[in-house]
Every structure is written in structure tokens, then in C-alpha cells.
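Protein chains in written order, with full-length UniProt numbering: chain A, 1 to 391; chain B, 1 to 391; chain C, 1 to 391; chain D, 1 to 391.
Simulated from the structure, these hints should not be mistaken for laboratory data.
Misleading hints may appear alongside valid ones.
Heads up, the list lumps identical chains together, so a pair's fine if it works in one copy or across two of them.
Straight-line alpha carbon distances no greater than 27 Å define the calculated DSSO-like cross-link-like pairs of lysine-lysine that follow [unchecked claim]:
#1 K338 x K234
#2 K289 x K234
#3 K221 x K289
#4 K221 x K81
#5 K258 x K212
There are 4 protein chains.
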Amino acid sequence: MSQQNPIFIPGPTNIPDRLRRAMNVPSQDHRAPDFSDTFLPVLAGVKEVIGTEDGEVLLFTSSGTGGWEAAISNTLSPGDKVLIARYGMFSHRWIDMCQRHGLDVQVIECPWGTGAPADQFEAILSADTEHEIKAVMVTHNETATGVMSDIGAVRKAIDSAAHPALLFVDGVSSIASVPFEMDAWGVDVAVAGSQKGFMLATGMAVLGVSQKALSHMDEAKLPRTYFDFRDMLKANANGGFPYTPPLNLIYGLRESLKMLSEEGLENVYARHYRLAEGVRQAVSAWGFKLCAQTPDLYSNTVSAIFVPEGFDSNELTDHAFNKYGISFGIGLGEMNGKAFRIGHLGSLTEVMVLAGLATIEMAMVDLDYPIQLGQGVAAAQEYYRNTAPTK
Amino acid sequence: MSQQNPIFIPGPTNIPDRLRRAMNVPSQDHRAPDFSDTFLPVLAGVKEVIGTEDGEVLLFTSSGTGGWEAAISNTLSPGDKVLIARYGMFSHRWIDMCQRHGLDVQVIECPWGTGAPADQFEAILSADTEHEIKAVMVTHNETATGVMSDIGAVRKAIDSAAHPALLFVDGVSSIASVPFEMDAWGVDVAVAGSQKGFMLATGMAVLGVSQKALSHMDEAKLPRTYFDFRDMLKANANGGFPYTPPLNLIYGLRESLKMLSEEGLENVYARHYRLAEGVRQAVSAWGFKLCAQTPDLYSNTVSAIFVPEGFDSNELTDHAFNKYGISFGIGLGEMNGKAFRIGHLGSLTEVMVLAGLATIEMAMVDLDYPIQLGQGVAAAQEYYRNTAPTK
Amino acid sequence: MSQQNPIFIPGPTNIPDRLRRAMNVPSQDHRAPDFSDTFLPVLAGVKEVIGTEDGEVLLFTSSGTGGWEAAISNTLSPGDKVLIARYGMFSHRWIDMCQRHGLDVQVIECPWGTGAPADQFEAILSADTEHEIKAVMVTHNETATGVMSDIGAVRKAIDSAAHPALLFVDGVSSIASVPFEMDAWGVDVAVAGSQKGFMLATGMAVLGVSQKALSHMDEAKLPRTYFDFRDMLKANANGGFPYTPPLNLIYGLRESLKMLSEEGLENVYARHYRLAEGVRQAVSAWGFKLCAQTPDLYSNTVSAIFVPEGFDSNELTDHAFNKYGISFGIGLGEMNGKAFRIGHLGSLTEVMVLAGLATIEMAMVDLDYPIQLGQGVAAAQEYYRNTAPTK
Amino acid sequence: MSQQNPIFIPGPTNIPDRLRRAMNVPSQDHRAPDFSDTFLPVLAGVKEVIGTEDGEVLLFTSSGTGGWEAAISNTLSPGDKVLIARYGMFSHRWIDMCQRHGLDVQVIECPWGTGAPADQFEAILSADTEHEIKAVMVTHNETATGVMSDIGAVRKAIDSAAHPALLFVDGVSSIASVPFEMDAWGVDVAVAGSQKGFMLATGMAVLGVSQKALSHMDEAKLPRTYFDFRDMLKANANGGFPYTPPLNLIYGLRESLKMLSEEGLENVYARHYRLAEGVRQAVSAWGFKLCAQTPDLYSNTVSAIFVPEGFDSNELTDHAFNKYGISFGIGLGEMNGKAFRIGHLGSLTEVMVLAGLATIEMAMVDLDYPIQLGQGVAAAQEYYRNTAPTK
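Turn these sequences into a full structure, and let the hints guide you.
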């Protein structure tokens with residue numbers, strides 16, 4: 001029966017019924033003349049969600065990780081210098097990827113729980129008078145720590161340094177759940193995935209690419225074929241795909257965009273804020289601390305929550321899974337054993353969140369955590385009932 | 001997004017994913033030689049669930065109401081006397097149906113909140129020395145009041161009176177969720193529906209019929225064709241159906257039986273008891289009263305809960321639906337405005353129940369009910385965490 | 001793999017993917033305030049398909065047989081006289097049902113392969129100066145023989161006799177596939193089913209009822225509860241259902257109406273004619289005869305085809321099923337062993353029909369029928385390629 | 001309605017209902033302890049299908065093209081020499097990919113319509129006494145020309161030359177449809193995709209990798225992260241995935257393997273041969289020629305068919321799609337305009353193939369091709385009826 005429970009990991013997210021149906025399609029011929037009628041509006045719809053009019057949207061059959069590989073291999077060459085701050089597992093992974101692709105990564109080490117250090121970016125870029133740094137890479141929402149960084153501030157830092165570096169943003173666990181302004185923020189490559197804010201199955205990386213980034217395609221020397229922007233753009237221009245596309249996800253994305261549009265992006269964002277804030281009220285009622293160090297860094301898509309000293313967060317998530325059949329996010333990297341995570345993004349309601357909070361409370365009391373049953377739930381209830389949108 | 005929330009009405013129940021898939025079948029030829037390979041094991045599987053070896057199982061394309069019409073029209077004749085106690089909306093409905101079919105209904109009026117009055121049955125049957133009463137009709141689980149009656153006691157009453165009356169039992173909201181012993185209890189017709197304990201879509205009445213009841217088929221004078229047992233039995237004997245069968249529900253029932261068997265009927269019943277008891281702990285923590293007057297009558301599939309004096313239960317259920325997108329059962333009949341109902345049957349987990357309790361609490365506080373947020377939730381949490389089965 | 005093959009029975013029909021998806025819905029509360037938003041437009045949509053503005057549409061959870069029982073039990077009383085012509089299995093069944101419900105059935109025996117005898121109706125009704133005949137019952141499309149009767153001619157016969165009898169029409173295998181004009185033809189009760197022209201799963205009877213028929217509700221003495229129009233109309237008036245409705249079929253019907261409307265009813269009818277005519281071209285090329293005796297009787301939803309003398313049609317359909325995994329309709333009643341049937345209604349294309357024709361040809365040659373492989377296929381191909389609609 | 005028609009492209013293939021259902025799953029936590037229970041048996045099942053006991057199976061979220069990129073980037077370094085014969089669009093694409101990844105490709109130009117030139121391989125490898133050639137890459141089934149090459153012969157060629165080169169085989173449109181013997185043929189990397197013989201949606205590359213190939217992982221200098229075998233193997237060893245896996249495809253593959261096993265791989269292969277041979281009988285009846293030059297090269301998964309001189313194959317496929325709503329494969333590369341293709345792999349029956357043949361015949365006659373309607377169909381019918389397996 002436990003498959004009936006919602007999941008509380010920061011992705012893949014709970015797939016709404018409507019998208020389950022939308023993805024359930026028969027095979028069709030992607031070379032048939034009508035494929036473009038389905039496909040091209042999808043590209044246009046994604047542009048609105050990521051806030052670009054000038055950029056291009058590209059879809060690759062891969063997880064978000066593949067999307068990042070596409071981003072770097074189409075714009076950079078071996079030996080190119082890039083600037084990345086490490087403040088969580090996912091920023092760490094981009095550093096690792098860049099290094100494995102032969103890039104020269106200048107790493108800024110930041111405490112986990114902090115976000116993108118705009119001031120340090122500015123200082124380093126200002127000092128880089130030769131413009132050796134080709135790109136700055138930022139994880140918008142660091143899923144490991146529940147930290148949302150201020151991308152606008154990063155853009156300001158780059159501009160203040162009058163530096164031509166490209167700005168790459170990992171929006172995998174932020175896009176379509178919180179505001180994302182690709183053009184306004186001057187983002188050159190934004191990477192999202194089908195399985196988070198778009199509420200679909202895993203399998204498609206969604207990229208927004210600026211004209212500036214595209215202008216680097218031909219000079220970029222990192223080898224790539226599968227992820228080559230050029231093949232994709234050429235095929236897209238004719239309404240096609242360079243190889244067999246994932247039809248189910250394209251149909252799913254079409255419906256996902258319709259759902260987002262029907263709810264209204266502003267309402268989608270407000271809902272994510274509200275659900276997140278209810279979780280934070282519960283955390284506060286328990287007397288626990290978030291990994292995110294300050295309120296301006298709180299993520300509206302995932303909360304990473306420190307367990308009290310002497311407790312093992314892995315035991316907690318295992319227990320919740322084994323006894324109550326419900327999945328919470330484990331602590332990743334530095335946070336392993338120290339924090340658990342509640343994903344609160346995608347197709348979610350306050351009703352579902354309360355189920356999650358009530359369950360983790362049971363698991364905590366089972367393991368002698370110093371909390372009272374109903375304590376966090378009541379705080380969240382109070383918040384939710386006072387903030388419910390009028391319909 | 002509210003479609004993602006579970007529902008808490010006493011049926012139709014939340015359909016598990018596995019059954020959603022199982023019912024999603026292409027059309028097939030019900031006259032093809034292989035139909036019986038699917039169909040006949042389904043009949044056998046239902047026999048186990050309702051506890052009969054001697055009886056026959058018949059499936060009709062209809063809701064449970066149609067199942068009842070099948071029961072009476074195949075065994076009784078206009079003017080026949082039947083004995084029914086009215087203690088809720090559903091027992092009331094059978095009285096109404098019998099009267100509209102020209103039966104002579106002897107009604108025992110009982111307070112809503114009580115169950116089948118075995119002692120009164122015995123007295124009346126003992127006094128009926130001419131055996132004019134042809135059938136006693138009992139609602140096993142009175143969905144309107146959350147009362148589960150003791151069918152074994154009714155059987156004992158009939159036997160004590162040494163009366164040949166048939167025993168008809170409405171098991172629509174009990175069968176496959178709580179123990180049902182057709183043969184042991186001497187039930188002559190048991191009626192269930194696809195959309196409750198079997199966790200399927202609405203559309204199929206499931207009947208268990210004893211050989212004794214079948215022996216009345218030919219003499220029964222109530223007209224019927226669609227619901228005629230004889231046509232159905234004749235077709236079933238050849239592995240077929242007398243008219244186009246609801247293939248999706250038959251495939252669904254096949255999988256439902258598999259799920260019930262995999263979990264184990266005893267475990268299914270224990271789960272229903274546990275989920276119900278958690279709800280009752282919450283009700284008690286709120287200081288509210290159940291409609292069911294004594295603990296031996298408490299239903300494990302639905303709880304009808306009185307709201308405090310001066311409150312309107314319809315306002316509560318409307319508010320919960322409109323503000324939080326979640327459906328609870330309204331008060332039916334006499335209980336309208338006075339009680340709301342929480343359905344806790346079918347494919348349900350404690351995680352889901354806690355979501356329902358947390359939501360109704362918000363709705364109650366919104367409407368100034370004299371309860372504290374988290375109060376009922378905490379009581380249920382405490383119960384659930386202490387009673388979780390080891391896996 | 002054979003589940004991938006289309007079926008060629010005259011219902012249930014091949015369910016299009018879009019309707020498979022539409023029927024795959026989670027449980028919802030049919031007493032929730034929003035149910036009527038879904039339900040009421042469905043009733044209105046059906047009115048258009050059956051051609052009534054004045055009548056009411058009622059949906060019952062049952063197969064079409066249940067729909068017929070609803071029709072007679074809500075308008076007639078035991079002993080009432082009705083007039084029915086028997087010219088196939090389905091007209092036979094209505095006679096049987098009426099007799100089992102205590103009606104006095106005046107039967108006109110017609111050769112199977114002919115249709116409703118308007119002239120005989122007129123003669124009998126004209127002679128019935130006392131207006132003892134309360135209803136005339138006609139099977140629009142006799143599925144057993146592939147005969148489509150002229151309902152307008154029957155109406156004219158009744159009018160010529162200036163007789164007040166109600167006109168009941170079984171449109172189960174005609175409605176939504178061929179033109180049906182309830183108001184124009186003065187039909188009092190029209191019965192359809194979800195699993196034919198509406199292309200859905202089996203489980204819902206769809207009735208159109210005239211105000212004249214409704215005016216008989218209160219005086220009708222046949223007992224009924226489940227199928228009582230009054231309960232249904234009362235509940236419908238408030239946007240509800242008198243008992244748990246089959247949500248999946250209501251959602252399915254909503255989408256089915258949308259599909260029919262998008263294609264355009266005229267185009268739907270033209271497609272059925274064209275597909276049927278292609279089959280008839282094949283039959284003619286084989287040198288076989290249809291059961292329907294004259295071209296004006298040819299059904300556009302099913303063709304019943306005589307096998308040559310000395311052949312057994314059951315062997316043919318069994319062979320096709322066992323060797324090629326494809327279902328054709330068997331000969332029913334008088335036609336058993338003498339004819340097989342090709343259903344060509346619902347969600348069907350010429351591509352699918354050709355698959356059926358090619359397969360039955362293989363089966364026939366396997367059994368030494370005097371035909372050539374490709375013979376019928378070529379005739380159908382020629383017809384289809386010359387008549388394809390421009391898109 | 002045309003979505004009801006089967007498709008006749010060589011992939012994606014018609015997805016059977018059972019797999020549509022299997023892929024329709026809710027999101028689950030891929031880091032939960034039970035994920036490996038699902039995942040690991042899938043890897044084992046694929047091993048059987050590709051015929052390896054010693055090798056490893058790896059699944060990447062990508063199309064087959066991504067699988068090839070994984071193959072080369074994990075085993076080779078820039079400047080490495082590889083040997084590839086170009087005899088169609090797909091062998092051409094691997095050449096292109098290798099070149100774009102900085103490999104030194106020795107290309108053997110072969111006429112399209114021929115297969116892998118084992119003798120030329122042997123000559124070149126024998127001459128390569130320095131063993132500069134690191135890998136030989138062969139397209140097992142050249143989808144563009146309908147040519148199936150003899151991989152065993154290629155292995156023999158390599159062995160005869162006593163050359164240590166790795167053998168890479170593109171089995172995207174062959175694996176799970178025709179025999180594939182990875183160990184017996186000494187294949188070092190075999191690449192398949194979810195959307196062909198496995199009958200699933202597009203989105204997963206399926207790789208078999210020999211221990212010999214794996215031994216090159218650490219020295220391989222082509223950059224890769226997303227497709228890195230090491231990350232994948234490390235995660236797989238713990239039953240996990242290095243990033244969010246495509247759960248729906250993994251569940252789908254589990255069911256696909258079950259279907260293949262239930263039918264029996266030998267029967268699956270026999271079915272593909274039989275379906276293909278029926279198509280070839282039709283081609284022969286039309287008097288047309290296959291692109292594949294000799295019978296030993298005929299592919300059992302796709303037939304590429306030359307249209308007569310003076311006709312344009314693109315017009316034919318467009319016409320079939322626009323007028324009859326059915327997709328055939330267009331001619332690719334050199335074959336564009338000269339040949340069309342009929343895909344006959346995956347979930348297919350002779351009934352479906354006959355639909356395709358009948359349709360393409362109509363389209364051809366519409367365009368004045370010198371054929372008779374029913375001509376090819378009759379030839380295929382004759383073949384199919386004589387070769388149907390006894391059930």
C-alpha cells in the first residue's frame with residue numbers, strides 16, 4: 001500500500017495524474033510531418049518558464065547531469081578556466097565534471113549552508129584582467145543543503161567586474177518551482193530536468209542557452225556528439241530531433257506547461273513558498289535548525305534539516321522508510337548522517353506536506369528525538385490555515 | 001493539484017496505482033475462448049474473500065444498489081414479507097427498495113447509532129410461527145453512522161427461532177475490509193461493490209448467493225431480466241457472461257484479489273482496524289463523540305463523528321473541500337448537519353490518514369471548533385507508532 | 001502479442017488511446033460540489049449525438065440490456081400490450097425481456113435479414129382502435145444480422161395510424177456511429193451503451209427519453225428502484241447521481257463527446273459508411289452474401305456474412321482466433337454456424353479494416369473456402385483509395 | 001483516429017499495452033533500500049538477451065546515440081585509430097561521431113546494401129602488425145538499408161588476424177529481435193536502445209560491455225562524466241544509479257524482459273524472421289528489389305525497398321502518411337528518394353504487417369506504381385498462413 005504515499009525527496013517529484021496520463025502515449029513517427037506541431041510549441045513554452053525571449057531552449061534525453069555536460073562541452077575547450085564555488089553536493093559535482101573534462105577549475109570553498117558568494121566572484125573576476133576565466137558556474141538551488149542562491153547578485157558581481165565570463169546556472173531543482181529570470185539575470189546556460197518542477201518522469205534535460213553562449217559553439221573544443229548543440233539546433237530548426245526523441249516526455253512536457261500556465265507561474269511560486277514556509281514552521285517548532293544558514297538562503301523547494309547532536313539522520317530516513325513506507329531525502333556529502341531533507345516541490349499540496357510532517361514526527365519519537373508528537377504539525381497547520389489562497 | 005490528495009469518503013475509495021493499471025485494458029472479445037480463463041478464477045477468488053465454499057458468486061454491471069435489487073428480485077415475490085431494522089441511511093434504502101418492489105416490509109425502528117437488533121429479530125421470528133417472513137435483511141456496515149453489526153448474532157437469532165427466513169447482508173462497505181464469513185454466518189445473499197474494499201472503480205456489484213437462496217429462483221415472481229440469476233449462472237457455467245461484461249472491472253478484480261491475497265486477508269483486516277482505531281484516538285482527543293453508540297459497534301471502515309452542538313457538519317465538509325481540496329463524507333439522513341464521516345477503508349496507509357486528520361483539524365479551527373491544532377493528530381500518531389506491523 | 005491486433009466484433013469496440021487515458025482517473029467524491037461541473041455538460045453533449053432538444057438523457061451503470069429494462073419498467077405496467085417484430089437476436093431479446101416482465105407482447109415474425117416492418121406496424125396499429133398497444137419497440141441496428149432499420153418509416157407508420165403508442169428504439173450498436181434523430185423521428189426512449197459508438201469500456205447505458213415517455217413514469221407499475229427514472233432525474237436536477245456513479249465512464253464519455261465533436265458527427269457517419277462499404281466490396285469480391293437482404297438494410301456498423309453452403313462459420317471464427325489471434329463476431333441465434341460478422345464501428349480506420357479482411361481471407365483459405373487470397377482485400381483497397389477524405 | 005494504426009518505422013516500435021502499463025509508474029525514491037530489488041534483476045535479464053555471462057550490462061538515460069558515445073569515450077583516447085566500414089546511414093554516423101571525438105578513423109567504403117566486410121577487416125587488421133587499430137566498429141543491423149551483417153564472421157576475421165582490437169557492435173535495431181551472442185561472438189561493447197526490440201519508449205541506452213573493454217576504462221582519455229562507466233559500475237555495485245534514473249523505463253524493461261522470456265527468445269526470433277519473410281514475399285510479388293543485395297544480408301527487423309525508376313520514395317511515404325495516417329520509414333542518406341522502409345520489429349503480428357502492406361499498396365497505386373492491389377498482400381498471406389506457429 002505504501003506506493004499510495006507521497007514522496008518527500010527533492011526529486012523525482014510526485015507526478016500528477018494528469019501528467020501520468022499525458023506521458024502514456026503510443027509510439028509515433030518522429031520523422032512524420034506532424035511532429036513539429038507538437039514539439040515546437042513545447043520549446044516556446046519552456047522559454048516562458050525560464051524567462052527568456054532571446055535564448056534558445058534545447059531538450060536532451062538525459063538526466064540533469066547530462067544537461068550540464070552539454071552545457072560545458074558546447075561552450076568550452078580543454079584547459080579553459082572556470083570559476084565555481086563549492087557549497088554542497090551538487091556544486092561539488094559540477095566541479096568534478098569540469099575537472100574530468102580537462103577544465104581548469106578555480107574553486108571557492110564555502111561552508112555548506114551558504115550560497116553563491118557574489119562578492120568573492122566579483123573580487124576574483126575583477127582581478128582576472130586577462131579574462132582567463134571563461135565561465136562562472138552557479139548552483140541556483142543547492143539540493144544538498146536547501147540553499148537558494150541569488151543569481152541576480154551573481155550577475156551584478158560579473159557586471160561590476162565588467163567581465164565577459166559566461167554565467168551557467170544549475171536550475172535543476174529550482175526552475176518551474178521558483179522564479180527564474182534567464183534574460184533579466186543574464187544567464188547564459190540554464191539547466192533543468194523533467195523530474196522536478198516540471199513534475200514528469202526522469203529522462204529529459206531542459207536547457208536554456210543564450211545567444212552569447214551559442215556564439216561559442218564552433219570554437220568550443222570539448223568533444224561531443226550526442227550533446228552537440230549544433231546538431232540539435234539544426235534539427236530543431238526543421239521541427240525535428242537529431243535522433244529518436246523521448247516522445248512520452250515531450251508530450252508530458254506539453255501538458256506540464258499547460259498545467260503551469262493554468263495555475264499561473266506566480267501562483268506556482270507562491271504555492272512553493274507557502275508549502276516550504278509551513279515546513280520551516282514545523283522545523284522551528286521542533287527546535288531544529290536548517291542547514292541553510294540565513295533566511296535569505298532558505299530554499300522553497302527543499303529543506304535540509306539538522307538532526308540534534310548524537311542522532312544519525314540516516315537512521316531516521318531508513319526508519320521512516322521501513323516502518324512507514326515514506327521516502328525523505330537523506331543527507332548528502334558532508335551532511336550525511338547529520339541532516340535529512342524534505343523535498344517540497346512539484347505537484348504538492350499542504351495536505352500532502354502535513355502527511356510528511358506527521359510521519360517524520362512519528363519516526364523521530366520512535367528514535368527518542370526530543371520532540372512532541374503533533375508539535376511541528378500544529379505549527380504547520382497554523383501557518384497553512386492562515387495563508388490558504390482564496391479560490 | 002488537489003487531485004493529488006487522498007479522499008476520505010467511505011467509497012469510492014482511493015484506487016491503488018496497480019489497480020488503475022490493471023483496469024486500463026484494451027477491448028477484447030468476451031465471446032472468445034480465452035475469456036473464461038480470466039473470468040472463472042475471479043469468481044473463485046471472490047468466494048475466498050466472502051468466506052463461502054458452498055455458495056455462488058455473481059457479478060453484475062451495476063453499483064451496489066443494483067446488487068440489492070438482484071438479491072430481492074431473484075428470491076422473493078410481490079407481497080412477500082421481509083424483516084428489516086432501520087438504523088441508518090443504507091438500511092433505510094433497502095426498506096424503500098423492498099417497498100417499491102411490492103414487498104411487505106416489517107420495519108424495526110432503531111436509533112441511528114445502534115446496529116442490527118438480534119434480540120428483536122429473534123422475538124419477531126419466534127412469534128412468526130407461520131413463517132410468513134421470507135427474509136431478514138441486515139446492513140453489515142451502516143455507512144451513514146459508522147456502525148458495524150454482528151452478523152453472527154443475527155444468524156444465532158434466526159436459528160434460535162428455528163426460522164427458515166433467508167438472511168440477506170449488505171456488505172458493500174465491509175466486505176474485503178473486515179472479516180466476512182458467509183458460510184459460517186449462514187448468509188444467503190451478500191452484496192458487495194467494486195469501489196470499496198476491492199479498491200476499484202465503481203461499476204460492478206459482487207454477490208455471494210447460497211444454494212438455499214438459489215433454490216428460490218424459480219418460484220420468485222418479481223420480474224427481472226438484467227439481474228436474473230438464472231441467465232447469469234447459465235452463462236457463467238460456460239465461462240461466459242449473458243451480455244457484454246465490464247472487462248476492465250473483471251481484470252481489475254483479478255488484480256485486486258491478487259493484492260488482497262499478497263497482503264493476506266488477516267493483515268488487510270488488521271490494517272483496517274489499526275487505521276480506524278487511530279482515527280478514533282483522534283476523535284477522543286478532540287473530545288468528540290462517534291455516532292456509533294458503543295465500542296462493539298465501531299466500524300473499521302468509516303467513522304461518523306458528531307460535531308459539537310451549535311456547529312454545522314455540512315459547513316465543515318464544504319469548508320474542507322473548498323479550502324483544502326479534500327473530501328470527507330457528509331452526514332447522511334438524520335445525521336445531516338450533525339456529523340461528518342471519515343472513510344478509512346480500501347487502499348490506505350497511516351500516512352494518508354494523518355493527512356486527513358491534520359486537514360480536518362485545520363478546517364475545524366478555521367470554523368472555531370473547540371479543539372487544538374495537532375491534538376487529534378498527536379493521538380493518532382501515538383497510536384500508529386505503537387502499533388505499526390513489523391515488516 | 002495478439003493483444004496488439006484490433007478486434008472486429010460489433011462491440012465492445014476498439015478503445016482509442018485518448019479514451020483509455022480519459023477513463024484512467026483517480027477516485028473522487030461524487031458528492032463534492034464540483035461533480036456537476038463535469039457531469040451536466042456530458043448529459044448535454046449526449047443530447048446532441050442522439051438528436052434531442054426536448055428529451056432528457058439518463059445514464060445508468062449497466063450494460064445496454066439494463067438500459068432496456070430501465071426503458072420498459074419506467075413506462076409500462078404488467079399486462080400492458082407492446083408490439084415487437086422479431087428479425088434477429090437482439091429484437092428477440094427484447095421480446096423475451098418484455099415477456100419476463102409480464103407484458104403482453106404481440107410479436108411479428110420476420111425473416112432474419114429483414115428489418116422493422118413499418119407497413120405491418122401501421123396495419124396492426126390502425127386496427128388497434130382501442131389503443132391497447134402501449135409501445136412499439138424497434139431494434140435500430142440488428143447486430144445479429146447486420147440490418148439497419150428505417151426508424152423514420154416506423155414513425156410515419158405510427159403517425160399514419162394516428163396511434164399514441166410510445167416508440168422505443170434500441171440504438172446500442174447504432175448511436176454515435178450512424179445518424180440518429182430522436183426528436184425528428186419521434187423516438188420516446190432510445191437506448192445506447194458506452195462500449196459501441198462511444199468507444200468506451202462497457203458499463204454504462206445511455207438513454208434518451210422523451211417528455212411523453214417521462215409522463216408515464218408515475219403510472220408505470222413495473223417495480224424498479226435501481227433503474228427508476230424518478231430517482232435519477234431528481235438527483236440529476238441537482239447535478240448529482242442517486243448512488244455511486246461510474247466516474248471513469250463519465251470522464252470517458254466527456255472525452256468521447258469531445259472526440260466526436262472534433263471529428264464532426266457528419267464525418268463520423270461518413271467514415272462508418274465508407275469503412276462498411278469497403279467490407280461489402282470485399283464480400284462481393286469473394287462472391288459471398290450478406291444476411292441483410294437488400295442494400296437499403298445494410299448496416300454501417302456490422303456486416304453479417306453468410307459462409308458458403310457446407311462450411312461452418314463457427315469453425316472459421318474459432319480458427320481465426322486461435323491461429324491469428326483476431327476476434328470476429330460469431331453467428332448468433334439462427335445465424336449460428338451459417339454466418340460470421342465483421343464489426344466495423346467505433347474507433348476504426350481503413351488500415352485496421354484491411355488487416356481484418358486480410359486475416360479472415362487467410363483463415364478462409366486455410367479452411368478451403370472457394371476464394372483467392374487478396375481478392376477481397378483488393379476490392380476494399382480499390383474502394384478505400386478512391387474514397388479517402390481529403391484532409 | 002489514425003493513432004489507432006500501427007507504425008511501420010524501424011523504431012520506435014509499437015509499444016504493447018502491457019509495457020505501456022508497466023512504464024506508467026509513480027515516482028519513487030531511487031535511493032530507497034528497495035530500488036536495487038527492482039534494478040539488479042533487470043541487469044541480469046538483459047545479460048541473457050544479449051548473450052553474455054562474463055560482461056556487464058549498463059543502462060544510460062539517453063537514446064542509442066548516447067550509448068555509442070559512452071562506448072567510445074570509456075575505452076578510447078584522442079588519436080586512437082579505429083576501423084569502420086561505411087555501408088549505410090548508421091555506420092556513417094559512428095564514423096562521424098568518432099571523428100568528432102578526435103579518433104583517427106580508417107574508413108572502408110562499401111556499397112550501401114552490403115554489410116560488414118569481414119575479409120577486408122581481416123586484411124587490414126593483418127597488415128596492422130603494430131596493432132595501432134584499437135577498435136573495429138560494426139553496425140549489426142544497418143537500419144538505413146535493411147542489411148544484417150554477420151558478426152561472427154567479423155570476430156573470425158579479427159581472430160584470424162590475431163589482432164587485439166576491441167569489437168564494438170551497434171545492435172540498436174537488432175538486439176532482442178534477432179539472435180545476438182555477445183560472448184560467443186567476442187563482442188566488447190554492444191549497444192541497444194529501449195525503443196526497438198525491447199518495445200519501450202525511447203530514452204534508455206542498453207550496453208553490454210566485456211571485461212576486456214572495461215579494462216580500458218582507466219587509460220581511456222576521452223573526457224566523459226555523464227556516460228562514465230566507472231561511476232555507473234560503482235553505483236550499480238550497490239544496486240544504485242549515479243544520478244536520477246529513468247524509473248519508468250527500468251520498470252518497463254523489467255516487464256519487457258518478462259514478456260520476451262514468456263514468449264521465449266527463440267520464438268521471438270522466429271516471429272521476426274517470419275514477419276520479415278512475409279514482407280519480402282510481398283516485395284517480390286510487386287517485382288521490387290530490396291536494398292540488401294543478397295539474401296544472406298536480409299534484415300529481419302527492417303526492409304529497405306527500392307521504388308521503381310522514376311518514382312520518388314519520399315512522395316510515397318508522405319502520401320501514405322497524409323492520406324492513410326500510417327508511418328513508413330523514409331529512405332535515409334543515399335537511399336533518400338530511392339527507397340522506403342518497412343520496420344517489422346518489436347511488438348508486431350502478421351495481422352498488423354498485412355495492414356501495412358495493404359496500405360502501402362493503396363498508396364503506390366494512387367501514385368501509379370506498376371503494381372496490382374492485393375498483389376503483395378496475397379503473397380504475404382500465402383506465406384503467413386503456411387508458416388503460422390501452432391499454439
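Structure-based check of all given hints:
When the C-alpha separation of K338 and K234 is checked against a cutoff of 27 Å, the pair qualifies only between copies, where the shortest distance is 24 Å, while the shortest distance within a copy is 48 Å. Proximity of K289 and K234 under a CA criterion of 27 Å is satisfied in neither setting, with 50 Å inside one chain copy and 33 Å between copies. Taking identical chains as interchangeable, the C-alpha atoms of K221 and K289 are never at most 27 Å apart, the minima being 45 Å within one chain and 44 Å between chains. For the homomeric pair K221 and K81, the shortest alpha-carbon distances inside one copy (13 Å) and between copies (20 Å) are both at most 27 Å.
Taking identical chains as interchangeable, the C-alpha atoms of K258 and K212 are never at most 27 Å apart, the minima being 29 Å within one chain and 45 Å between chains.
In this structure, the hints that do not hold are numbers 2, 3, 5, in rising order.
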